[in-house]
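**Q** With this note's numbering applied, the sequence shown has no gaps in its numbers, which climb one by one up to 330 at the end.
It should be emphasised that the hints constitute simulated quantities derived from the structure, not laboratory data. Don't take each hint at face value.
What the hints assert, rightly or not - In the EDC-like style, the derived pairs of lysine to aspartate or glutamate whose C-alpha atoms are separated by at most 16 angstroms in a straight line are:
hint : residue 1 : residue 2
1    : LYS221    : GLU136
2    : LYS102    : ASP273
3    : LYS204    : GLU293
4    : LYS102    : GLU90
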Amino acid sequence: MAEIQERSMKWRYIRQSLFFGVLRLSMLLIALALGGILFYIIINGIGAVSWEFITQPPTDSMTKGGIMPAILGTLYLTCGAIAVGLPLGIISAIYLTEYARQGRLVRIIRIGVNCLAGVPSVVFGLFGLGFFVVFLGFGSSILAGSLTLGFLILPTIIGAAEEALKAVPQTFREASLALGVSKWQTTLRIVLPTAVPGIMTGSILGIGRAAGETAPIMFTAAAFFTAKLPGSIFDEVMALPYHIYVLATAGTNIEQTRPLQYGTVLVLVALVLGIDLLAIVIRSRMRKQKRW
């Protein structure tokens with residue numbers, strides 16, 4: 039009997055070792071692939087990046103000059119998307135988690151949210167074109183692009199916010215309600231602050247997707263070229279993802295602009311990583327300040 043148990047334990051140990059070995063190998067392959075992509079981008083793009091490249095507009099049919107209007111346009115659209123998607127996502131998650139009666143309707147809504155998270159971005163772009171640009175009459179503008187990107191990242195934020203709210207111990211709610219605090223005050227002052235670090239995780243994912251999408255802004259906000267900076271939210275803008283697409287496919291001197299293409303990609307990657315890093319720092323500080 040003891041020998042059988044020993045063999046069983048040994049077999050379990052072997053299976054566990056194989057499982058963790060596969061996981062480590064998968065992580066290593068992913069890290070190598072990511073490192074290889076970043077190395078390739080840096081090697082090919084670092085030569086084009088300079089102070090003039092970052093601070094000057096394109097010149098000579100976009101074969102020379104910089105990408106400053108595209109950088110600002112990307113920041114405008116990303117901030118606008120977060121301003122639209124984050125409040126709507128948090129409010130929706132609070133309602134679904136704290137107030138909605140759990141039943142068939144809520145399950146259908148959650149299924150719909152999960153389905154929207156997997157919808158191709160070009161579909162959101164066509165939706166933004168038909169609804170915001172044409173039906174509401176916003177035209178190709180920062181406003182239309184921000185609203186489209188906001189709806190694009192909304193499912194991600196809702197999902198992350200719901201999980202963060204569910205992770206708050208139920209005893210927090212019960213203790214607050216037992217002291218006579220209303221449901222709304224409990225949610226606003228107890229549940230939501232505790233869940234903020236988790237909500238920030240979803241926001242980080244949303245920021246990265248909003249900053250790097252091309253299809254939605256191609257139909258709603260991005261300009262092929264504009265020499266002036268936008269004066270209002272109803273002006274169209276250049277954006278880094280669409281600018282990369284233009285340089286790589288639609289330009290008249292594609293080979294001549296090859297270094298600018300890689301330089302723009304490098305700046306976009308650095309911009310997204312910088313925004314994500316800022317969000318991570320804010321999340322870390324919130325976690326340190328959280329009191330249980």
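**Q** Hint by hint, work out which the structure violates, then give me just those numbers in ascending order.
**A** As far as the earlier hints go, 2, 3 are violated by this structure, in ascending order.
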